[in-house]
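What follows is the residue order along each chain.
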Amino acid sequence: NAGVTQTPKFQVLKTGQSMTLQCAQDMNHNSMYWYRQDPGMGLRLIYYSASEGTTDKGEVPNGYNVSRLNKREFSLRLESAAPSQTSVYFCASWTSGRVFSYNEQFFGPGTRLTVL
Amino acid sequence: DAKTTQPTSMDCAEGRAANLPCNHSTISGNEYVYWYRQIHSQGPQYIIHGLKNNETNEMASLIITEDRKSSTLILPHATLRDTAVYYCIVRVGAGGTSYGKLTFGQGTILTVHP
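So the sequences go chain by chain: H and F. The first sequence begins at 1 in my numbering and counts up by one. The second sequence begins at 1 in my numbering and counts up by one.
Careful, some of the hints might be misleading.
[Stated by the list, open to error] Footprint (simulated), chain F over chain H, 3 or more residues, beta carbon under 8 Å: (1) 74-88; (2) 104-112.
[Claimed, not checked] Take a look, some chain H residues computed to stay more than 12 Å from chain F by CB distance: (3) Gly3; (4) Gln6; (5) Thr7; (6) Pro8; (7) Val12; (8) Leu13; (9) Gln17; (10) Ser18; (11) Asn28; (12) Ser67; (13) Lys71; (14) Cys91.
Read the hints as simulated data drawn from the structure, not as lab findings. Ideal Cβ placement from N, Cα and C applies to all residues, glycine included.
Looking at chain H on its own, in the form it has when it is part of the complex (with noise of 0.2 Å):
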């Protein structure tokens, strides 16, 4: 199992510009979620998506779109790329179950992401 794969790894965007980042996992889960990491902060979120056909908005959706394509592949859209957006870009996965073992989120390596 690979777990939760990023891609790409780094990526350098003019304002204006925009990207997808993409995710995917392979261990079956459910609810897949974005979060993003500025420097000296906690994670926090900007999406996610309880199960595969849904979406929904987090702590800090502004300037992203998102798609869950299936239910592997989850991924982020910026529209119009901006200074602010400069960030490490995280995916996580998740599902549900009665048994402990199943109540940990997975997270990807991330995806840095600078913003001119």
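Dock chain F against chain H, hints included.
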């Protein structure tokens, strides 16, 4: 989800126990205490969680006070590789309407020194 309060930073000598405190005085009866850590800006890693009983796994122990208003994460024999940011998070468990969402604070920077 209840908010948590953690010290900004802590130090620990290699081989000694690291005890990381967390206050969560507004925790509700159906909320669990979760601990995650983040090493070198990698993705956060789950450590342990509990509801009201003390818990232990291969990584750590979690001690929750009887009134559940605070907890302590214990790394019994800290190594240099345990240097990381440790996050204490409180949220409802599986099946709750939080849909697994995690609310991260700033965490505790644990530095393990030789």
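> Ser67/H: least C-beta distance to chain F exceeds 12 Å?
Replying inline: 18 Å, holds
> Val12/H clear of chain F by more than 12 Å, beta carbon to beta carbon?
Replying inline: Nearest chain F Cβ is 17 Å from Val12/H, so the label holds.
> Closest CB-CB distance from Gln6/H to chain F, is it above 12 Å?
Replying inline: Given that some Cβ of chain F is not farther than 12 Å from that of Gln6/H, nearest at about 9 Å, it is violated.
> Beyond 12 Å from chain F, beta-carbon-wise, is Gly3/H?
Replying inline: At about 9 Å from chain F, Gly3/H fails to clear the 12 Å cut-off, so the statement is violated.
> Does the no-contact call for Cys91/H survive, Cβ to all of chain F over 12 Å?
Replying inline: Its Cβ does come within 12 Å of chain F, the nearest being 8 Å, so this is violated.
> When you look at the beta carbon of Gln17/H, is every beta carbon of chain F farther off than 12 Å?
Replying inline: 24 Å, holds
> At a Cβ distance under 8 Å, does chain F reach at least three residues of the segment 104-112 of chain H?
Replying inline: Our answer is that it holds, as 7 residues pass the Cβ test (under 8 Å) against chain F, meeting three.
>> If I take the minimum Cβ distance from Asn28/H to any residue of chain F, is it greater than 12 Å?
In response: 15 Å, holds
> Minimum Cβ separation between Thr7/H and chain F greater than 12 Å?
Replying inline: 14 Å, holds
>> Taking 8 Å as the Cβ threshold, is the statement that the segment 74-88 of chain H is covered by chain F upheld or broken by the three-residue rule?
In response: Since 1 is below three, the answer is violated.
> Does Leu13/H really sit off the interface, with its C-beta more than 12 Å from all C-beta atoms of chain F?
Replying inline: Given that every Cβ of chain F is farther than 12 Å from that of Leu13/H, nearest at about 20 Å, it holds.
>> So Lys71/H supposedly isn't at the interface. Is its beta-carbon more than 12 Å from every beta-carbon in chain F?
In response: 15 Å, holds
When the structure is compared with the earlier hints, violations turn up for hints 1, 3, 4, 14 and for no others.
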